Amino acid sequence: METIGFIGLGIMGAPMAGHLLDAGYPVVASDHRSRPPQWLVDKGLKIVSGHDAVARAAEIVITMVPDTPQVREVLFGEGGVAAGLARGKLVIDMSSMSPIETKEFARQINALGCDYLDAPVSGGEVGAKAASLTIMVGGSEAAFTRAKPVFEKMGKNITLVGDNGVGQTTKVANQIVVALTIEAVAEALVFASKAGADPAKVRQALMGGLAASRILEVHGERMVKRTFAPGFRIELHQKDLNLALEGARALGVSLPNTSTTQQLFNSCAANGGAKEDHSALVRALERMAGHQLGE
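Going by the working numbering, the letters in the sequence shown line up with residues 1 to 295, in that order.
Treat the hints with caution; some may be incorrect.
Said to hold, decoys possible - In silico DSS-like pairs for lysine-lysine, Cα to Cα no more than 30 Å straight-line:
id: 1; residue 1: K275; residue 2: K129
id: 2; residue 1: K194; residue 2: K103
id: 3; residue 1: K129; residue 2: K153
Claimed, not checked - Between beta-carbon pairs, the in silico distance windows are:
id: 4; residue 1: Q292; residue 2: P66; range: 29 to 37 Å
id: 5; residue 1: E2; residue 2: A289; range: 21 to 29 Å
id: 6; residue 1: G79; residue 2: G208; range: 49 to 57 Å
id: 7; residue 1: K275; residue 2: T3; range: 43 to 51 Å
id: 8; residue 1: T145; residue 2: G294; range: 25 to 33 Å
id: 9; residue 1: R107; residue 2: G272; range: 37 to 45 Å
id: 10; residue 1: A289; residue 2: I47; range: 44 to 52 Å
id: 11; residue 1: T227; residue 2: I100; range: 49 to 57 Å
id: 12; residue 1: A212; residue 2: A289; range: 46 to 54 Å
id: 13; residue 1: G24; residue 2: A173; range: 47 to 55 Å
id: 14; residue 1: K201; residue 2: G77; range: 50 to 58 Å
id: 15; residue 1: G44; residue 2: M288; range: 37 to 45 Å
Derived from the structure by calculation, the hints contain no laboratory data.
Every value quoted in this text rests on a predicted model; they were computed, and no experiment measured them.
Heads up, the beta-carbon is just placed ideally off N, CA and C, and yes, glycines get one too.
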């Protein structure tokens, strides 16, 4: 088994790295900003100092950080991954970031004699913990074949969708669908609740029909039970929809409902909810309705 370097041991990255350790992979991480979680150390995680040291110690380096600037800093900043790479290594970025920048990052890594895959994920904290993430991969067939056994320890639906950048484009499309579906579920439950129906029972009934979805199941329950600890933070979904809207502007594409949903996320953030789970989008609709679910 190749040694895996893992940079970004947050809500998503920590359980993903844990699955790799459970599968027997040697995993290396950095104490660059903070010490990795002790439970990963107890599983055998090795700690080194600096991202360049991670790259020197590993054959495959995975990054799982919030956004494009953080990926750039981890890869190409002082003491970054690029400084520790040697020919033949593989860099896999599993963050969600700009498809355009992804292509440039891949070009720079390829120039060092290394392969690059963009492999963003969907499934949130639940999927990360259950090793059931959907993984959307951009890059070469050879690099994908090398990485697939690693991906299989973290996810279930794993697809090579195209060249570098296409994985990130697919993730942006995914985030459009997720955001708009959360908004639709929130609208339906607020409507039903203000009309006098029990939103928990409405959700249960809808789960048996054509409206059934993973969003209704998971995030509808969060809305009803008011459990808005993240999962996936509103501020991160705002970032993803910004990527969608910037891309749409460049392509000359209209995304009217994406724009509207972004405004609802903006309203939540303006009212102190940026770090809540994205299912808390329902709060913006509740404010406009003057009604909270369950009242």
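Evaluation of the provided hints:
1. K275 x K129: Holds. K275 to K129 sits at ~20 Å (cutoff 30 Å).
2. K194 x K103: Not satisfied, since the Cα-Cα distance of roughly 48 Å exceeds 30 Å.
3. K129 x K153: Given that 30 Å is the threshold and the Cα spacing comes to 11 Å, the pair holds.
4. Q292 x P66: 29 to 37 Å: Holds, since Q292 and P66 (Cβ atoms, about 30 Å apart) stay within the stated range.
5. E2 x A289: 21 to 29 Å: violated, 53 Å
6. G79 x G208: 49 to 57 Å: About 54 Å separates the Cβ atoms of G79 and G208, which means 49 to 57 Å holds.
7. K275 x T3: 43 to 51 Å: violated, 34 Å
8. T145 x G294: 25 to 33 Å: violated, 50 Å
9. R107 x G272: 37 to 45 Å: Distance hint for R107, G272 holds at roughly 41 Å.
10. A289 x I47: 44 to 52 Å: holds, 50 Å
11. T227 x I100: 49 to 57 Å: Violated: the Cβ-Cβ distance is about 36 Å, outside 49 to 57 Å.
12. A212 x A289: 46 to 54 Å: For A289 against A212, whose Cβ atoms are near 24 Å apart, the range 46 to 54 Å is violated.
13. G24 x A173: 47 to 55 Å: violated, 34 Å
14. K201 x G77: 50 to 58 Å: holds, 52 Å
15. G44 x M288: 37 to 45 Å: With a Cβ separation near 50 Å, G44 and M288 fall outside 37 to 45 Å, so the hint is violated.
When the structure is compared with the earlier hints, violations turn up for hints 2, 5, 7, 8, 11, 12, 13, 15 and for no others.
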